[in-house]
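Peer 1: Spelled out from the first residue to the last, the chains are:
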Amino acid sequence: MTRLTGLALAALMASTALPVSAETLRWARAGDSLTLDPHAQNEGPTHTLAHQIYEPLIIRDMTGAFEAALATDWAPKADDPNVWVFTLRQGVKYHDGADFTAEDVVFSINRAKSDNSRMKELLSSVVEVRAVDDHTVEFVTDGPNPILPSNLTNLFIMDKGWTEANGAVEVQNMDAGESTFAATNTNGTGAYKLVSREPDVKTVLTRNEDYWGKGQFPLEVSEIVYTPIQNAATRVAAILSGEVDFIQDVPVQDLARVAATDGLVVKTAPQNRVIFFGMNLGPDDIANDNVEGKNPLSDVRVRRAMNLALNRDAIRQVVMRGQSQPAGMIAPPFVNGWTEEMDKAETDVAQAKALMAEAGYGDGFSIQLDCPNDRYINDEAICQAAVGMFGQIGVKVNLNAQSKAQHFPLISSGGTDFYMLGWGVPTYDSEYIFNFLAHTRTDQRGSWNGTGYSNPELDAKIVSLSSETDLDKRNATIAEIWQVVQDEVLYLPIHHQVLNWGMTDKIGIEVSPEDDPKIKYFSMK
Amino acid sequence: MLAYILRRVGQSVLVLLVVGLVAFSMFRFVGDPVDAMLGQERTQADIERLTAELGLDRPFPVQYWKFLTQAAQGNFGLSYRQGRPVTDILIERAPATLELAFVSGIMALVGGIALGVFTAIRRRGVAANVIMTVSLIGVSLPTFLIGILLIYIFAVELKWLPSFGRGEVVRLGGWTTGFLTESGLKAIILPAITLGLYQMTLIMRLVRTEMLEVLRMDYIRFARARGLREKSVNFRHALKNTMVPVITVTGLQLGSIIAFAIITETVFQWPGVGLLFINAVQFVDIPVMAAYLMLISVMFVGINLIVDLLYFAIDPRLRLDRGTEAKA
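Here the protein sequences line up with chains A and B, keeping their order. Going by the numbering used here, 360 is the number at position 357 of the first sequence; the sequence numbering is gapless. Going by the numbering used here, 311 is the number at position 281 of the second sequence; the sequence numbering is gapless.
Covered, in the sense of this in silico footprint (three residues per stretch, anywhere, with C-beta under 8 Å from a C-beta of chain B), are these stretches of chain A:
(1) 38-45
(2) 202-215
(3) 223-232
(4) 241-249
(5) 411-419
(6) 437-451
Computed Cβ-Cβ distance ranges for the label pairs, DEER-style:
(7) Val140(B) - Ser369(A): 55 to 65 Å
(8) Thr239(B) - Ser369(A): 48 to 58 Å
(9) Gly511(A) - Arg88(B): 47 to 57 Å
(10) Ser526(A) - Asp118(B): 37 to 47 Å
(11) Phe132(B) - Lys509(A): 38 to 48 Å
(12) Leu210(B) - Ala235(A): 30 to 40 Å
(13) Glu460(A) - Glu78(B): 28 to 38 Å
(14) Ser199(A) - Thr117(B): 17 to 27 Å
(15) Ser526(A) - Val140(B): 49 to 59 Å
Listing some non-contacts, in silico: residues in chain A with all C-beta distances to chain B over 10 Å:
(16) Asn188
(17) Asp265
(18) Asn293
(19) Ala388
Just so you know, these hints were derived from the structure itself, not from any lab. The beta-carbon is built from N, C-alpha and C at its ideal position, and this holds for glycine as well.
All chains, please: the whole structure from these sequences, using the hints.
Peer 2: Structural data, given as C-alpha cells:
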C-alpha cells in the first residue's frame with residue numbers, strides 16, 4: 004500500500020510540467036486589485052487591472068505618451084477657453100453588446116465626481132459635462148484648464164444602461180455595509196473581458212474579439228491569468244520555475260538571478276516616482292529635535308548642508324544595487340518642468356560642515372527621522388544609510404521606521420518633523436507636484452506638504468498655473484517656481500525609483516513608467 | 031456533566047469578550063486605514079469625512095460595542111480593503127485554510143505517532159537515531175525558511191510541485207476543495223509539509239518519551255511474560271496508555287496549525303484566512319482583523335472544550351474523581 008501511494012505520488016510529481024499555450028499570459032505581481040468598480044479606489048494595481056477591461060477617453064501608452072482611446076480627438080473650444088471638446092470614437096461596443104455613446108461619458112464622469120468616488124479630486128475643476136451629440140462631449144471647467152486631458156487617463160467609462168440596471172449608480176459607501184454590483188462585475192469596452200475573479204487569488208480575462216482596436220494593437224495575448232504573489236521570494240521562484248510568464252516588482256537582490264536564467268529577461272526603466280526627505284521648516288520650534296526655542300530646519304543653510312551630506316551614489320551602489328537614478332529635484336525626468344541641470348545633486352561634506360558652522364550648528368543637533376518600511380523599494384535601508392551620512396555633519400538622526408499605515412498618517416497630521424516620502428506624477432506636469440507638495444497646506448491644496456512652508460507669492464504662482472493657457476508663459480512660471488523650491492531646499496531629493504519587470508523572452512514589451520502593463524500592447528513570439 | 035459544560039461555556043464567552051477588547055484597544059497602534067484607503071490626491075476634507083464615516087473618530091469602547099452588537103447578529107461589516115462583507119470573504123477563504131490544516135494535522139499525527147513508536151521500540155537502532163537527529167531540524171528551523179527551502183528544491187530546481195497557490199479547485203456548494211484535482215493535490219503537498227513539520231516532530235518526541243516510560247512499567251513486563259505477541263504489547267497495551275497527553279497536545283496544536291498558517295500561507299500564497307489576515311494588518315483593515323481574531327479565539331476556546339470532554343471519554347479515572355467529589 005505504502006509503495007503504491009509512493010509510486011502514485013512520483014507519477015503525479017513527474018507530470019507537473021504542463022504544456023504552455025502560446026497565447027496565455029500568466030502574470031503575477033505583489034498586490035491585487037482592490038475592487039472592480041473603476042471609481043471606488045485610486046490605486047495602482049486596481050487601475051492596472053481596470054485598464055485591461057475598461058477604457059478612459061485617453062490612455063497613456065507604454066512609454067507614457069497620450070494615445071486616443073474612447074476619444075479620437077480633444078481640444079479646447081475655439082471661442083471658450085473654459086470648455087474642452089472631446090470627439091468620441093464611433094462603433095465602440097461594450098462587452099455585453101451595448102453601444103458606447105456620449106451619454107455614457109456624461110454618466111461616468113458624474114459618477115466619478117460623486118461624493119463616494121475616490122477619483123473625484125482629479126475632476127475638481129470640472130463644473131459640468133454635457134453631451135453635444137451622440138459622439139461629442141464638452142467638459143466645462145471653472146477656469147481654463149490646459150492640463151485637463153492628463154487628469155482623464157485613469158477615469159474609466161462605464162455603460163449607463165448596465166450600471167443603472169444593476170443598481171450600481173452609487174459608488175460604494177463604506178458605511179452602508181453593502182458592496183455594489185460593479186465591485187464584482189464588469190462591462191467595459193476594453194481589449195479583455197472578465198471570465199472569473201477570486202480576489203487575492205486569481206483573475207482570468209479573455210480577449211475581446213470585437214475590440215475596436217483590432218489591427219491597431221498587437222493583441223497577441225488571448226488569455227490573461229493574473230495572480231497576486233505577495234512574498235518576493237515566492238514570486239521570483241514562480242517565474243524561475245516557469246509557473247508564471249511575467250512578474251512585476253522583481254526584488255533588486257534577485258535581478259541577476261532572474262536575468263541569468265535561460266529563457267528569462269529582466270527589463271528596467273525609470274519609474275514615475277521620486278523618493279525624498281521632507282523637513283518641517285515652518286514652525287519656530289519643533290518637537291522631535293534637541294534644540295530648544297528654535298528650529299534648525301528653518302535655516303536654509305542647515306537644509307543646504309543636509310542636502311550636500313547625502314551621498315546619493317553610495318545609496319545607489321550599496322542600498323539599491325545600482326537600481327536607482329540619483330535625483331536633485333523632486334520631479335521624475337519625463338515630467339514637464341524637469342531639467343537635467345536641476346536634477347544633478349552633489350555631495351560635499353566639507354562644505355556642508357562649513358554651512359552648519361555658519362548657521363551656528365557647528366556642534367550639530369539631533370532629530371528624529373520617520374520612515375516607512377514597507378512602501379518604497381528598500382525604504383528603511385535608505386534611511387539607515389542616510390542616518391550615517393547626516394551623522395558626518397553632526398546631525399544625529401534617530402531613525403523611526405514603521406509600517407506605511409503608521410507612517411503616512413504622521414505626514415497628514417503634521418506629527419513628523421523629518422520624513423521620507425515618494426511621489427509619482429500621474430499628470431506628467433509640475434503643477435501636480437507644486438499643488439500637493441509646495442503650496443501652503445490649505446483645504447484644497449498642499450495636502451502632502453508636511454514642511455510647514457508657506458510662501459504666498461509662490462502660492463499665487465502655483466494657482467495661476469491651473470488657468471494659464473499660454474503654454475510658454477506657463478512653462479516660464481513653472482521654471483520660476485522650481486527655482487524657489489530648489490533655492491529654498493524645500494525637500495532633500497534622494498533618487499528616482501527604477502522598475503524591474505521579469506518575463507520570458509518570448510514576451511515583447513517595454514517597462515512603462517507608471518508600472519501599469521496594458522496587455523493589449525504585449526506581443527508574444 | 032451538564033453543569034461542567036455550562037461552566038466551561040461561560041468561561042469561554044468571557045475569554046472571547048476579553049480577547050475582543052484587547053484586540054480593539056490595539057488596533058489604534060497598527061495605524062490609520064484612512065490614508066491607505068484614499069488615493070494620493072485626497073484632501074484634508076476627504077480624510078475627515080472618511081474617518082467620520084468609518085466611525086474611527088469615536089472612542090474605542092464605542093467602536094467595540096458597535097462591533098459586538100453587529101457581530102452578535104453575524105454581521106462583521108465591510109472590509110476596508112476589498113469593500114465586500116467580511117463574512118463573505120471569510121467563508122470564501124476558510125476552506126483553503128481548513129483543508130491545509132486538515133492535511134498537515136493528519137500528516138503530523140500519523141507521521142508523528144508512527145515515528146514516535148518506531149524510535150521508542152528501536153531506540154538503539156541507527157534509523158531511530160537518524161530520525162531523532164533530523165527531527166531536531168524540524169523543531170529548530172523557522173517555518174518560512176523551510177517553506178522557501180522546499181520551494182527552491184521542489185519547484186525551482188526539480189520543477190515537480192507548484193511554488194504558489196492552490197491549483198484548480200472544485201466548487202461543492204459553499205465549499206471549494208483542492209482534493210479533487212491533480213493540480214490541487216500537488217499544490218497542497220509543500221504547504222502541508224511546511225506547516226505540519228513542527229507538529230509532527232513534536233508529537234513524535236512526545237510519543238517516544240511516553241512510550242519509553244510506559245514500556246518500563248510492570249504491566250508491560252507481565253504482558254510479555256504472559257507470552258503476548260510483541261505487536262499486541264506495543265500497540266494495544268503500551269501505545270493506548272500514552273495517548274492522553276498526545277491528545278491534549280494534538281488538540282492544542284490543531285488550533286495553532288490554523289492560527290500559525292499565517293506564515294505558511296504567506297510563503298506559498300495559499301489563499302486562506304492567514305493570508306487574508308496579513309493583508310488586513312498591512313492595510314489596517316479593522317473589520318477583517320477583528321473578525322479573524324474573534325474567529326481564532328472561538329476556535330481555540332472550542333478546541334480546549336472538546337479536549338476537556340475527550341479526557342472524560344478516554345480516561346475513566348477522571349469520571350470517577352469527579353463523581354466522588356460530587357458525593358463529598
